[in-house]
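Participant: Sequence:
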Amino acid sequence: MKTLQEFAQFVGKPNNPISPRALVAYLKLGINSNPLSLRELTSVFDDALAPASIESVSVAPTSGTVPFKVGMQVTGTKGFFMEISWRILRNGQQVATYPNVLGQVAHVFSEPGTYNAEATFKGIGSTGYAEVSKSVAVVAQPQPAPPQPTPTPTPIPPPAKPSISVNYDGPAAEASFTVTGSGFVPNHAVHIRVVNNFTLQNGFFDTSSNASGAIDHEINIPSIPGIKLSFSANDERSDPSDLTGTLWSNTVTLTVT
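In terms of this note's numbering, the sequence shown is residues 1 to 257.
To be clear, the hints were calculated from the coordinates, so they are not data collected in a lab.
By construction, the Cβ of each residue, glycine as well, lies at the ideal position given by its N, Cα and C atoms.
Any given hint might turn out to be false.
Stated by the list, open to error - Derived DEER-like restraints, expressed as beta-carbon distance ranges:
#1 241 with 139: 16 to 24 Å
#2 253 with 211: 27 to 35 Å
#3 113 with 133: 14 to 22 Å
#4 159 with 113: 29 to 37 Å
#5 208 with 245: 17 to 25 Å
#6 151 with 97: 43 to 51 Å
Take these sequences, add in the hints, and give me the full structure.
Facilitator: This is how it looks when you write it as structure tokens:
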């Protein structure tokens with residue numbers, strides 16, 4: 001009997017207790033240069049009198065965000081171990097195995113889920129050869145969802161421009177222009193701008209819209225034949241898209257005759 005396997009076979013089937021005589025016979029095998037001390041011998045007998053078992057395991061950490069590494073180690077046993085192996089289970093299915101582990105072994109969890117890190121001890125105790133397992137649950141958390149991009153606010157379109165039309169009544173020396181329009185703020189001040197296209201001079205004439213946002217205003221501008229006048233109006237609303245920052249109506253240009 002040179003190996004623990006042979007010793008296990010010598011001991012017999014599980015539940016056949018190991019006799020101290022058989023244990024001493026085993027301990028004498030191959031012990032020439034390094035005999036056991038009294039303390040070691042006492043410990044051997046203590047272990048032999050107990051069923052083979054895993055007393056404690058170390059699995060750390062037991063949770064984390066994938067990917068993360070876990071260290072696993074059997075830290076306490078009873079009996080004489082022949083082999084310690086580890087396997088990783090998910091929903092009862094084996095996803096990784098680490099046979100013949102001496103000391104610590106590491107496993108990297110890369111997929112989220114709940115796992116069991118299971119250690120299996122093969123050895124000999126007071127009841128003969130035995131295989132016992134101990135497991136620890138490990139929770140692998142998924143990566144947090146990336147933050148949702150901040151939605152780009154939809155630009156508020158400028159309000160619809162009011163619309164005007166101009167009616168000319170001559171002659172030029174007694175020119176009269178009637179400005180009518182709609183789409184203005186109801187019951188609000190309206191400013192009519194008149195530009196002389198020759199001199200580029202301009203003048204403003206004020207009126208007010210009615211309850212429906214319409215205007216009807218007469219302007220008298222003595223003129224001379226051939227002059228072009230451009231009319232537009234605003235009700236003081238803003239328009240960021242306009243160079244002046246003001247919401248203007250359409251422009252109507254007339255030639256004085």
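Participant: Is 29 to 37 Å respected by the C-beta to C-beta distance linking residue 159 and residue 113?
Facilitator: Since the Cβ atoms of residue 159 and residue 113 sit about 56 Å apart, the hinted range of 29 to 37 Å is violated.
Participant: Looking only at beta-carbon atoms, does the pair residue 113, residue 133 fall within the given range of 14 to 22 Å?
Facilitator: Roughly 20 Å apart at Cβ, these two residues keep to the hinted range, so it holds.
Participant: 43 to 51 Å was suggested as the range; check whether the CB atoms of residue 151 and residue 97 agree with it.
Facilitator: Taking Cβ atoms as reference, residue 151 and residue 97 lie about 48 Å apart, which means the hint holds.
Participant: Okay, residue 253 versus residue 211 on CB: inside 27 to 35 Å?
Facilitator: At 30 Å between Cβs, range holds.
Participant: Is 16 to 24 Å a correct range for the gap between the Cβ atoms of residue 241 and residue 139?
Facilitator: With a Cβ separation near 56 Å, residue 241 and residue 139 fall outside 16 to 24 Å, so the hint is violated.
Participant: Does the Cβ-Cβ separation between residue 208 and residue 245 fall within 17 to 25 Å?
Facilitator: Check passed, 22 Å falls within 17 to 25 Å.
This entry does not satisfy hints 1, 4, going by the numbered hints stated previously.
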